[in-house]
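Add chain U to chain B, keeping to what the hints say.
Chains as they are written, first to last, in this note's numbering: chain B, 23 to 316; chain U, 1070 to 1239.
It should be emphasised that the hints constitute simulated quantities derived from the structure, not laboratory data.
For glycine and all other residues, C-beta sits at the position ideal for the given N, C-alpha and C.
Hints should not be assumed to be uniformly reliable.
[As the list claims (entries may be wrong)] Ranges between beta-carbon positions, derived for each pair:
(1) B/Asn234 - U/Asn1237: 43 to 53 Å
(2) U/Thr1183 - B/Thr72: 16 to 26 Å
(3) U/Gly1113 - B/Ser258: 20 to 30 Å
(4) U/Ala1103 - B/Lys45: 30 to 40 Å
(5) U/Pro1098 - B/Thr67: 43 to 53 Å
(6) B/Ser166 - U/Ala1103: 39 to 49 Å
[To be verified] According to the in silico footprint, chain U covers these stretches of chain B (three or more CB under 8 Å from chain U):
(7) 44 to 51
(8) 60 to 71
(9) 159 to 172
(10) 231 to 242
(11) 301 to 315
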Amino acid sequence: MSQAIYKLVDDLPTGGLTVMALKALDFVIPGQWQNLVGFDNTIRTVTGETDPALVKQIGERAVTLFNDKSQGYQRALWLYETVDSASGLLGTAALANRIGQDTFLGFLQNFTPKPEKAQSIDLGVKLVTEIVAFCQINGIPGDSVGDFLAAIADYSGESLMRMAALVCFDGIIPLGPTFAEQALNTLTGTTATELDSNPTFKGVKDLIPGNNPAGKLNFITQSFATTRGWMETFVSSHGITRDKLLGNLRSVVEFTDDKADYVGALLDMNVKYYRHTGIQTLGRRLVERAVAEI
Amino acid sequence: MLMVRWRRVLAPLFLSLLLLVTACGPAAPPSPYAQVQEETTQRGAAPAVAPEATQGAQFNRFFPASGEGYQVVPAQEKKGFAEYKLKRDGKDVAMLAINDTTSTGAAAKFAQSTEKIGGYPAVDQGTQATAVLVGDRYQVKVLSRDDGFTRADRVAWLEKFDLNGLANLK
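The shape of chain U in the complex, shown without the other chains:
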């Protein structure tokens, strides 16, 4: 009789102990993205894309065309952003992108620019990307996706965009 009672007591006891141990265990370190997650999900958070940003469809005509063994394939088109893949022999070698920096503040980095490509201030970003800022607003970026696609290739493809046309986009 006593045994049975003990058993009845033991189960909840173990359960409480288990919960206590679990609760006191080391907490997982917060994600490096916890702060931005909180900022961008709270009520009244700023939109990711500014309402006055140019529609991505407006950017299509300024991209370079396919040619010389390269295919330029449409990839994404959102408000303030358009992107194409650059392919050679069926393989992605680079990405070509135009975006409206009014949403991001990405234009600030061009203040340190010491170089011009196609007449516009240029910067390298990381090891795979080269960008120019057109009309103080539109960022044109070429990103390598293959080791054989060098910085010189990125500069050459930046020059193939209709940068002056983009500068005149209202």
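Pulled out of the complex, with its shape left as it was, chain B reads as follows:
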């Protein structure tokens, strides 16, 4: 049986590692993200309406829209949930690889992908997942490519926080300040077979455009190249550095400087930011549509 959207939104946590890690990014986009949880609370906050009968009417339409599989909302939820859990597997692989580099168990490297390569693919797959989920939720709004880009550029709230977390947790922390250039170079040098063995890609590949792994790899590389400028501007205009990020993350997880390399893998395994903010985005968009349609 499919999950109930009101229960998913009601059950979103107000604390824990994911929420704390996202709050640690508040310095990047101050005040943009409030951890909005609770289905009726989301309706009241988004619409500004408080009459219980009206709130219920909006909620019922939102539930109806979500439950109609042809509307794309359930596919978007599946994407947000799957990319997070598949990426956690990557964290395990990356951690095993770090151990492999640091200890006599060097032979482990033969069995685990190099973190840089895996992280680059991970970053590319997550970015494309966002684009595909956006289209499942919002359609392709407007009449032109320019309209579509304007809609993407207008990211705010939890959607912008998800992108901030992508850039910080999956870009800067594991790959460093030149992550976008580095990841694009890596993606360009990746073969379809390598992509096909990446756990994050395997999780969501069915919904990534392209007839085969080579076509999908092309779509990922193209999408990454198109959004690279946005990511680099985002980092420079918000003054994000790896040191600042690690400094803020010390409030979430304790680690010493020589263990900073492990932070990326730890975040990967424990912070489910795609799912958390993805459900918030779904709730918000469903409510926005429902209140306009009733």
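Coordinates of chain U only, in the frame set by chain B:
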């Protein structure tokens, strides 16, 4: 020896007791959405959007354009629905939407309408929304997202839509 046996018996006893207590505990009240959840997930449930509903892409050309310090930014476009954000100084001040009421029965509320905007029956809904019904089928709605965006602003923006063009949409 006896002690050990007692301990062996105690563990399952406690476990059974725990399960019993948990099972008899007060059940969570059913969600107000439990009924609609059941109705819309059962086999053969009616689709959320009617098959004959107009594609959202058909609505784009009837929306007002950006201007006078306001930006009209595309937000959602689904079958039977299109929505734009209205922004001023980078801030969302309102949402502009057109939807096909064949899917929802939302047209019924206009039977009580006592006012016309742009020549079409209009209603207020809640405290933040004003809507008109065009051609007995398409609902055009403006929803405030900022305290400074008043009912008068909603009426003014409803009048900026190409309502007559929408009425002629086949």
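- Message: Flag every earlier hint the structure violates by its number, smallest first.
- Response: Hints 3, 5, 7, 10 are the ones this structure does not satisfy, whereas the remaining hints hold.
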